[in-house]
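**Student:** Read off the chains here:
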Amino acid sequence: MTSSTLQEGTSLRQKLALRGIDGVTLLVLPSVLFVLAIFIYPFIYGLLLSFAPIREGGMFANYITFFSDPYLYNTIAATLRLAVPVTLLSVAAAVPVAMRVRLVRRQRLLTTLLVLPITLGTVLVAQGMLNYLGPQGWFSRSLMLLHVISSPLKLTNNYWGVFLSLIITVFPFTFLLTLSYVTGIDPGLEKAAATHGASAWQRFRHVMLPLLVPGLAIAFCLTFVQAFAVFPSAVLLGAPSGPTRVISIAAAQAAFEQYDFTMASAIAMIMGVVQLCIVLIVLVVRNLFYRGATSGGKG
Amino acid sequence: MIRDTTIGAKLWITAVWAVTIFFVLNVLAIIATVIVSSLGTRWLGTWLPNAFTLNWYASAWQEFQLGPVLLVTFQIAFTVVALSGLLGVTAAYAMARRDFPGKKLVMFLFLLPLLVPPITFGIPLATVLYQFNVGGTFWGVVLANLVPTVPFVILVMIPFIEQIDPKVEAAARVFGAGTFKLFVHVLMPMLIPGILASLLLVLVRTVAMFELTFLTAGPTSQTLVVSLYYAVFASGVRAVQSIDAMAVIYMVSTLVWLLVALRFVNPTQIVARGNQSSSAH
Numbered sequence: 024m025t026s027s028t029l030q031e032g033t034s035l036r037q038k039l040a041l042r043g044i045d046g047v048t049l050l051v052l053p054s055v056l057f058v059l060a061i062f063i064y065p066f067i068y069g070l071l072l073s074f075a076p077i078r079e080g081g082m083f084a085n086y087i088t089f090f091s092d093p094y095l096y097n098t099i100a101a102t103l104r105l106a107v108p109v110t111l112l113s114v115a116a117a118v119p120v121a122m123r124v125r126l127v128r129r130q131r132l133l134t135t136l137l138v139l140p141i142t143l144g145t146v147l148v149a150q151g152m153l154n155y156l157g158p159q160g161w162f163s164r165s166l167m168l169l170h171v172i173s174s175p176l177k178l179t180n181n182y183w184g185v186f187l188s189l190i191i192t193v194f195p196f197t198f199l200l201t202l203s204y205v206t207g208i209d210p211g212l213e214k215a216a217a218t219h220g221a222s223a224w225q226r227f228r229h230v231m232l233p234l235l236v237p238g239l240a241i242a243f244c245l246t247f248v249q250a251f252a253v254f255p256s257a258v259l260l261g262a263p264s265g266p267t268r269v270i271s272i273a274a275a276q277a278a279f280e281q282y283d284f285t286m287a288s289a290i291a292m293i294m295g296v297v298q299l300c301i302v303l304i305v306l307v308v309r310n311l312f313y314r315g316a317t318s319g320g321k322g
Numbered sequence: 212m213i214r215d216t217t218i219g220a221k222l223w224i225t226a227v228w229a230v231t232i233f234f235v236l237n238v239l240a241i242i243a244t245v246i247v248s249s250l251g252t253r254w255l256g257t258w259l260p261n262a263f264t265l266n267w268y269a270s271a272w273q274e275f276q277l278g279p280v281l282l283v284t285f286q287i288a289f290t291v292v293a294l295s296g297l298l299g300v301t302a303a304y305a306m307a308r309r310d311f312p313g314k315k316l317v318m319f320l321f322l323l324p325l326l327v328p329p330i331t332f333g334i335p336l337a338t339v340l341y342q343f344n345v346g347g348t349f350w351g352v353v354l355a356n357l358v359p360t361v362p363f364v365i366l367v368m369i370p371f372i373e374q375i376d377p378k379v380e381a382a383a384r385v386f387g388a389g390t391f392k393l394f395v396h397v398l399m400p401m402l403i404p405g406i407l408a409s410l411l412l413v414l415v416r417t418v419a420m421f422e423l424t425f426l427t428a429g430p431t432s433q434t435l436v437v438s439l440y441y442a443v444f445a446s447g448v449r450a451v452q453s454i455d456a457m458a459v460i461y462m463v464s465t466l467v468w469l470l471v472a473l474r475f476v477n478p479t480q481i482v483a484r485g486n487q488s489s490s491a492h
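Going down the list, the sequences are from chains X and R.
For the first sequence, the working numbering puts the final residue at 322, and the numbers step up evenly by one.
For the second sequence, the working numbering puts the final residue at 492, and the numbers step up evenly by one.
Treat the hints as calculated values from the structure; they're not laboratory data.
Do not rely on the hints blindly, as some may be mistaken.
Derived pair list, reagent style SDA-like, types lysine to any residue, alpha-carbon separation capped at 25 angstroms [claimed, not checked]:
#1 R:K392 to X:A215
#2 R:K221 to X:K38
#3 R:K392 to R:I406
#4 X:K38 to R:M318
Simulated coverage check for chain X against chain R, where a stretch passes if three residues somewhere in it have a Cβ under 8 angstroms from a Cβ of chain R [what the hints assert, rightly or not]:
#5 61-69
#6 109-121
#7 255-261
#8 294-306
Ideal Cβ positions, reconstructed from N, Cα and C, are used throughout, including at glycine.
Build the full structure now, drawing on both the sequences and the hints.
**Tutor:** Shown next as structure tokens:
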């Protein structure tokens, strides 16, 4: 056979180079090893650790404790009650705003303003909101001035404080992501629909939305995963032992108050599994929709 | 641009803008309350404080020992920047230039730390770091912060490197440049804008990264944002204005870098990293 004689003449080095492996490819190794050692290994370690509880009761003791103690398993529902509405609201609001903003020439100012809460982070937003939403803060004061309400709203140290702070930090993220998808769609497609007499709603419903669905599904997943991991604002702005006792608080308490790292790892794994479930559901639903080019053209 | 002239369309457009402006106003007001409060003497039940003063900054600086905290913050941030630059740019070069078996898997490996939220992988990571006695130290915080930043640099840099014509490198090779010389004299000058942008964003992210630092920091390796969290958490012990002064110092230390970074990148790039790199193919 000719191919075997050809291969005999080439050294191992050349063979590897033919497959794309040479000195340059090896440059990827340090980063791969780093991610394996500092990200993958801890995950596996944590997974195994969660099956080696310090308490009695066999391998699954941590998981049994979690799912039999309402103080622990209710954190999943508490977190979902925050994360799901926040994600739905963010995605639903991001689409119309992004559809408008893409038509504006000078988007830079708005996008810069919206990057602020993402950059400053949840701790600073929580601190600002304690002042701003508090009973003497500007928010209640303005509403009272406008005679919308007669006494200050209670918006801190409860569910709504955390909800609003999540919206403030998560909506800009969803919006910027959605904007990058919306601007990626060829404007010619919408113009063509308009030429054929489609109304604004029809253009959105039958042209833009089908093209946006794959991107929106990703935006939904990334937003949800972020909202589900809410931590500092749930402590600072919420009622961390009541309605906003989210799952990350339970995990942090297990680790740093009870020093039970096996339980903390178990909670972190449960957290990861819930996130994964929601993401998988969204991705399965996404596959039912159209996937293809957003750039228009022939064919 | 298509013009919609029906009343319904106009109402809808107005409503969308009203919601957007309301949101932005609230964001600005949240930031403004912190600044105003940090400058005010006494602020109870009025629109603005009675009088203005700068004293809270001095007291916050002493109370929260901001000197050492800021020093540690920037030591950590710049170490993370240097290491993630070194690891990220070299890996991005290999990813952009070579097709090798398992490349998709490697790409997925780099995407994972950006998709999983810090608090989820932070707890097992902190456990491992404490096991190896790095938890609570300077290097523990640096290692933890590198987990999302190395992949971030890789994903931002891949499209930058792909833009450069491989013929330029081939020409340098013909004239006898080794890989190191090629990097320093040919690639680096062309990649500087991309490297600068991605590293500035890494700096902003590291200064603002709460979860990972919170989980891995000890008393001597706390960054500013973690100190701020503890201050707000134990508020009541200290004057609100003093905490707000600290918050303003934190804000300045983050926003300076953001403003510099925004000269090089579009704000959408800060969030749309995966999308950005995939659209460049």
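**Student:** If you check each hint against the structure, which ones fail?
**Tutor:** 1 and 2
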